[in-house]
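Asker: Sequence:
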Amino acid sequence: MAHLTGKSGYKSLIDRYNKFPQGAPESETLYEILKVFFTEEEAQLVSMLPIKPFDVKMASTIWNKSQDETLLILENLASKALLLDMNDNKKQMYVMPPPMIGFFEFALMRTGGHFNQKLLSELFYQYIETEEEFMRKLLSLKTPIGRILINEEAINKTDEVYVLDYEKATSLLNNATSIGVSRCYCRHKAEHLNQHCNAPQEVCLSLNNLSVSLAKHGYARLIDHDEALSILKTAYNNNLIQFAENVKDDVGFICNCCSCCCVALKSVKKMGIPQTISSSNFIANQLDNCISCKKCVSVCPVGCFEIKVFNDKDKVVLNSELCLGCGVCQRVCPINAIEMSKRDVKIFTPVNTVHKLVLEAIETNTLHNLIFDNQAMLSHKFMAAFTGAFLKLPLVNQLLVSETFQSKYLARLIEKLG
Numbered sequence: 226m227a228h229l230t231g232k233s234g235y236k237s238l239i240d241r242y243n244k245f246p247q248g249a250p251e252s253e254t255l256y257e258i259l260k261v262f263f264t265e266e267e268a269q270l271v272s273m274l275p276i277k278p279f280d281v282k283m284a285s286t287i288w289n290k291s292q293d294e295t296l297l298i299l300e301n302l303a304s305k306a307l308l309l310d311m312n313d314n315k316k317q318m319y320v321m322p323p324p325m326i327g328f329f330e331f332a333l334m335r336t337g338g339h340f341n342q343k344l345l346s347e348l349f350y351q352y353i354e355t356e357e358e359f360m361r362k363l364l365s366l367k368t369p370i371g372r373i374l375i376n377e378e379a380i381n382k383t384d385e386v387y388v389l390d391y392e393k394a395t396s397l398l399n400n401a402t403s404i405g406v407s408r409c410y411c412r413h414k415a416e417h418l419n420q421h422c423n424a425p426q427e428v429c430l431s432l433n434n435l436s437v438s439l440a441k442h443g444y445a446r447l448i449d450h451d452e453a454l455s456i457l458k459t460a461y462n463n464n465l466i467q468f469a470e471n472v473k474d475d476v477g478f479i480c481n482c483c484s485c486c487c488v489a490l491k492s493v494k495k496m497g498i499p500q501t502i503s504s505s506n507f508i509a510n511q512l513d514n515c516i517s518c519k520k521c522v523s524v525c526p527v528g529c530f531e532i533k534v535f536n537d538k539d540k541v542v543l544n545s546e547l548c549l550g551c552g553v554c555q556r557v558c559p560i561n562a563i564e565m566s567k568r569d570v571k572i573f574t575p576v577n578t579v580h581k582l583v584l585e586a587i588e589t590n591t592l593h594n595l596i597f598d599n600q601a602m603l604s605h606k607f608m609a610a611f612t613g614a615f616l617k618l619p620l621v622n623q624l625l626v627s628e629t630f631q632s633k634y635l636a637r638l639i640e641k642l643g
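The C-terminal position of the sequence shown is numbered 643 in our numbering, with every residue numbered one higher than the one before it.
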């Protein structure tokens, strides 16, 4: 940690990321990643920004710079997708994306660009897949960052009426105000490491405000609804899994993932903990007419199907506890021996990004940092420390982490505020 012992801009930025739910465990590799993305001065400036959306005036006050100079810095950072810019009621706003799903991915969602993508791919592999602490922390959240959408071709006709719009990729695409398509971060990274598969790469879909910001700076190509649905069909035909932002409203992305390159799916398989990704409201059931053809074994993204030997014959056995409810197995079964049925208990999905962030903050004891967010103000630093101590009191913490508070009262409050 020699490089990180001093109060450098990079160290300040790491400290800033670790005040919020996702976090970014400190390591020499992370330091090298941030050096690719930011100059030390940029890192210091970004470390002072709030996590909530802000405008030029707020940033200029925090940085003690003129608004003209501040605007130039913000636009340069946005051009590299290190900040996202968006219009909120026709007012230009900026927001800090998290490392993942955020600026880590954005850097590889285009060909070429501002960064050495081969170097970044090697550093990402080291930090995310070799050191593992980052993914273990991220995937240990009880409120996952993403959720699985069932392959709609696998839904029984009798169940279609019970599937809500936020559960269907087609509805999310048809209802989106804007759609962008980008290169798949995971498969692009794997290509630089000579580990990629043959699945198509230009299938990563961004929706609504996120697509506009990414397209503005060349990280996505805006497409119409018909092309988006065509891309979804291509994903189905390649047995890719639809992985969306874990919210009901204003979903920002739908990834079309393969199990060999997708870091999240590989981590589920490696750790054997399906709760690291929010499953769909469906689950696979193996019927008695299964002939053990093994097609489901090869396509299941998390290894739900195992081959066991009974009476000297291979028998495919389903471990439904690992099932994410993607439906790919049902789609490839030649004799309809797999059925996707509704889960007994409905999977909880946050209302929107704010709801998800608050739930994650409660869980990781970082809610105080979210409330008092301006690190340039001593009053905010004091109140964040004070509130953090208050929220850790046993009775207060019990209320905040209770399922009833999180899933009902908080959801209703955010729906009203939204």
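Keep in mind the hints are simulated off the structure, nothing from the lab.
None of these values were measured; they are calculated from a predicted model.
Honestly, I wouldn't trust all of these hints.
To be verified - Taking lysine-lysine and the DSSO-like style, the derived pairs with C-alpha atoms no more than 30 Å apart in a straight line are: (1) Lys362 - Lys571; (2) Lys567 - Lys540; (3) Lys260 - Lys315; (4) Lys305 - Lys290; (5) Lys533 - Lys519; (6) Lys494 - Lys441; (7) Lys277 - Lys458; (8) Lys362 - Lys495; (9) Lys316 - Lys441; (10) Lys519 - Lys393; (11) Lys362 - Lys382; (12) Lys277 - Lys315.
Asker: Next, verify each hint and record whether it holds.
Answerer: Do the hints match the structure? See the list:
no.: 1; hint: Lys362 - Lys571; in the structure: holds, 25 Å
no.: 2; hint: Lys567 - Lys540; in the structure: holds, 25 Å
no.: 3; hint: Lys260 - Lys315; in the structure: violated, 34 Å
no.: 4; hint: Lys305 - Lys290; in the structure: holds, 21 Å
no.: 5; hint: Lys533 - Lys519; in the structure: holds, 11 Å
no.: 6; hint: Lys494 - Lys441; in the structure: violated, 36 Å
no.: 7; hint: Lys277 - Lys458; in the structure: violated, 36 Å
no.: 8; hint: Lys362 - Lys495; in the structure: holds, 15 Å
no.: 9; hint: Lys316 - Lys441; in the structure: holds, 16 Å
no.: 10; hint: Lys519 - Lys393; in the structure: holds, 27 Å
no.: 11; hint: Lys362 - Lys382; in the structure: violated, 39 Å
no.: 12; hint: Lys277 - Lys315; in the structure: holds, 17 Å
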